[in-house]
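Participant: Make the complex out of the two chains shown on their own, each in a separate frame, by following the hints.
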Amino acid sequence: MKILVCIKQVPDMESKFKIDGTWYDTRDLAWRMNEYDEYGVEQAVCLKEQVAGSDLTVLSIGPARVKESMKKALAMGCDRGIHIEDDKVAERDPYSIAAIIAEYARNQEFDIIFCGMQSQDRASAQVGILTAELLGITAVSTIISFNYDHPTITVKRELEGGVKAVISTTAPALFTCQLGLNTPRYPTLPNIMKAKKKEMLSVPVSDVLKVEAAQQTEKIFFPEKKGGGLILEGDPADIAGQLVRILKEKTTVLSR
Amino acid sequence: MKTLLIAEYRDGKLLENYAELLGFSQSLDADTVMFLVGSPTDLPKFPGKLYLADAGKYGEYNPACHKRFIEKVVAAENPDIIVLSHSSYGWDLAPRLSCALQIPQISEVVDVIDGLPVVPLCNAKMRRTVKPLHNRYVITLQAGAYTVELDSNAAPEVTVIDDELTENIIFQGYEEAQKGGVDLSKAEIIVSAGRGVGKPENVKIIADLAARLGGEYGASRPVVDAEWVEHNRQVGTTGQTVSPKLYVACGISGAIQHLAGMKKSEFVVAINTDRDAPISEIADILVIADLKQFIPALMEKL
Ligand SMILES: Cc1cc2nc3c(=O)[nH]c(=O)nc-3n(C[C@H](O)[C@H](O)[C@H](O)COP(=O)(O)OP(=O)(O)OC[C@H]3O[C@@H](n4cnc5c(N)ncnc54)[C@H](O)[C@@H]3O)c2cc1C
Ligand SMILES: Nc1ncnc2c1ncn2[C@@H]1O[C@H](COP(=O)(O)O)[C@@H](O)[C@H]1O
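Chains as they are written, first to last, in our numbering: chain A, 1 to 256; chain B, 1001 to 1302.
If we strip away everything but chain B, and leave its shape as in the complex, we get (with noise of 0.2 angstroms):
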């Protein structure tokens, strides 16, 4: 079994979730080789074959161009799977090589089953194993699915590879989040409202428990995308990585991009309506409440 691991750099950086792609390929115990679109001055912990187009020569991303040089990687090297994290990067370039490689890509790989990928259905509320019509193939992880502890004094052995710059689209720069306001990662006691409070005016009841227990008042997306609640409250892989003490989740399904901002608090009550909401898999307490009604009797006894 060989892997082919392809790691990502943005902005001047080596992202650091090659370590997901290392750990999966260990739990194979597989041959592994890695490609890169980096720099020569910041390569991964990875004491194998990397094969390496300089960032500083093919920019910032561009698919056309990625595309091409992992077809020639996989001619050198005949992997047996291709692996990308299930990332803003490899969600985009995933299915550009199943079609140029004409081999199935399998999405969101969290466990292997019986040599088969096991991905999630319905938001998580159930799993799938996956069979590929085909001997190779792509997959991508979900993130924090899989890791494995780097060693720091690890290097790889460097192929550089080459190509004409190809480009269908123009990268003309990056926009960072906005910052300001709020510091959720700082706060012991966050109480969070989900699509479940099921209009504008019942954030406040969220905010009115989170100010009553000391704490500040986060989000999920959707509450944030109608403009319920500012984006600097999101709580998630596109908002903020919170780690408090207490986390009240109110109304919030447990999305795998919500939870990934929220699983490292200490102590977790969801309230929600649906006993099978994904949160209860996280939730060290789950309220089986409308949260409506809920809440005003918390306050009372608080």
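So here's chain A without its partners, still in its complex pose (with noise of 0.2 angstroms):
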């Protein structure tokens, strides 16, 4: 079985953000994988333990130090990476990412390929979706479980409320995985020193990038902060006690 997982590096969203044009600023940030692509890895990584002989490449856009997740995705074991190096890969939009990921995987026949539900910077939950859509194959969103059993594969779909739908289908099919789809294993040292030597493969994004943008960023904002809430910083003891007593003036549940 040939597989390809799509993942996105991203900033740590505790981060202090600053604008820069019509982007953030990608200086001084933290960087990790996108925590919906770790979901996508693990569960990639299970279905290869499963399919004997299966084969698993992760594959990733953007500038040079987006290798570092491809090497946490190697070391949870996946088998080879492909890296479309793309220093302006923040300003593409969905369908250009998509365009850029269906441009490589066409006429490799991958059997299945997971992508995240959604990215935690932009979170347009476009791009899993229209990569399959490119390529001509199936496509479920939101998966909080999968099984195989050759040939047929199940998996739920997380719908509002926590109601599931329970969908079947057969390969080629992409999926995108949501939050809690399984346990993401952590890469244990002999595991990530096995990554260092695996294949590292590097694509110039112009050998993969056929289309024009279909939207662009003409600002970013800061939102306005409404006011109201009161911030309380300081010892935590003189703040509990400010904290109370504004409860007790303000509600009635301490009033008792």
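The hints are simulated quantities; they were obtained by calculation from the structure and are not laboratory data. Source: prediction; values computed, not measured. Cβ atoms here follow ideal geometry from the backbone N, Cα and C, with glycine treated the same way. Any given hint could turn out to be false.
[To be verified] For each label pair, taking beta carbons as the anchor points, the in silico distance ranges come out as:
no.	chain 1	residue 1	chain 2	residue 2	range
1	A	Y186	B	D1163	43 to 51 angstroms
2	B	G1048	A	G241	54 to 62 angstroms
3	B	E1201	A	E91	41 to 49 angstroms
4	B	S1039	A	K197	55 to 63 angstroms
[Unchecked claim] Residues of chain A clear of chain B, computed beta-carbon distances all greater than 12 angstroms:
no.	residue
5	M1
6	D28
7	S54
8	E68
9	R80
10	D87
11	E109
12	P190
13	M193
14	K196
15	E199
16	M200
Facilitator: Following this line, the structure appears as structure tokens:
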């Protein structure tokens, strides 16, 4: 079974962000693998372990630093990395990203592709489904359970309120992974060492970008603070005392 | 300006979020048509043209089939904007429309400024105005961003549409969310644990505070996914919706899916080390502190 997993590197969401033109300033940020994609990598590795003779590729589009996240995916069990070198990844719209992945994947006959349900920074939730549509294969989004029993793939799609739709299909297919799909493994030290020897191929983005963007960011800004909220900061004992006083004043819950 | 609104139907019922689509369309003062795969006996309160495919015949959500129907309606109506909810239905279907119609999709719209859609960036810490490079486009609306009062007497003018049934997935059925255990919707005080608690042992600090206040404890999704807390205590779109008198969010950033479950709380206290965490937008009091230090200090004062 030939498997592809697409991962994006994103900044830590607890970072103090600054604006730089039409994107956030990418300097001085801590970077990590998109949380949703960690579930994708784990599911891909589990599937590879289940089906003997499988081959698992991890792909990421971005500047050189994204290789750090790819190394984690290799240490978790992917066989090889495809790094699409793109210093302008932040400017690319979801359609361009999907077109790049589809261009790379076309003619390679991947049986299964995993993407994250969404990326934590952009959160468009488009790239996975667009990629599948461009490739003309089945896509099922937001899965929280995956089961392969040759040739049937049965997944649960998460809907609102925790209801799930049980869906079955066959390869080739793409799945977008929702939080909680599995428990992503921690790379062990021996596996981190082994990962260093795994193949990491670089492809310049110009080789695989064949489309024009369909949208562009005009402006980025911080939302206006609605105000009203009171901020308590300082010595824990002092602010705990203040909080209790305010709760007694403003709510009925502590007056007993 | 003309909009095509895509209403939703699930398991024998029209979903109410079509009011949000109508609210958006009204805010633009646009001409409006609607599409629904649903039932002729459960129609939206929409006084306009509705293209209806019968769910009795086409079944539950089937992406390939819904996509083809909408392509037909778009050809007949020439809308400028195709509008869906950013729901499990909308975020799944919209990219398929975007690809089939070769038009851009803008996800999770919260506002329109100077004619351009505005969307969140980085867990709503920032916003982005987006310019579609095509005169027709698809958008999904963030849940709760728009709404409108429905006219209870309104009824659509229905045009029934048909197509061949195609499918590459097989729908096996629905599985209900786990029920039972605590009912957070009745609690007057809820103290919730987020990923900021750091490790499973620290959930006890949260549960103890809840007990001391005479309330229940809840959790955000990562804490439930990690199995530190059971699912029936999860607050949010895929958990419970709560409206206590006091909600204390401990180490919770305030993602939209969490806020959707607790924003009706009367009074919100957030304890967070990050003063820019989006929870600060709706908190009445933001305590900037490490919860592991602050909560024990608070317990002493109670
Ligand atoms: C379709 C869908 C449905 C979802 N449904 C839900 C849902 O029902 N409920 C839900 O909660 N989420 C849901 N989510 C997930 C949601 O998007 C967020 O990922 C999640 O709410 C984040 O949880 P969190 O705030 O606990 O974690 P994080 O976002 O990681 O935030 C942790 C916070 O803790 C703070 N912190 C860290 N250390 C400390 C400390 N020592 N003291 C104090 N503060 C600290 C940090 O500053 C940060 O703000 C859903 C997502 C999707 C895509
Ligand atoms: N730069 C990228 N490189 C590789 N995969 C990506 C990239 N951007 C997005 N993806 C994939 O697309 C998913 C959804 O992203 P998005 O549509 O931006 O929310 C992510 O979870 C990844 O699996």
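Participant: Against this structure, judge whether each hint is valid.
Facilitator: How the hints compare with the structure:
no.: 1; hint: Y186/A with D1163/B: 43 to 51 angstroms; verdict: holds (49 angstroms)
no.: 2; hint: G1048/B with G241/A: 54 to 62 angstroms; verdict: holds (58 angstroms)
no.: 3; hint: E1201/B with E91/A: 41 to 49 angstroms; verdict: holds (44 angstroms)
no.: 4; hint: S1039/B with K197/A: 55 to 63 angstroms; verdict: holds (59 angstroms)
no.: 5; hint: M1; verdict: holds (19 angstroms)
no.: 6; hint: D28; verdict: holds (15 angstroms)
no.: 7; hint: S54; verdict: holds (23 angstroms)
no.: 8; hint: E68; verdict: holds (20 angstroms)
no.: 9; hint: R80; verdict: holds (28 angstroms)
no.: 10; hint: D87; verdict: holds (20 angstroms)
no.: 11; hint: E109; verdict: holds (17 angstroms)
no.: 12; hint: P190; verdict: holds (25 angstroms)
no.: 13; hint: M193; verdict: holds (27 angstroms)
no.: 14; hint: K196; verdict: holds (29 angstroms)
no.: 15; hint: E199; verdict: holds (31 angstroms)
no.: 16; hint: M200; verdict: holds (28 angstroms)
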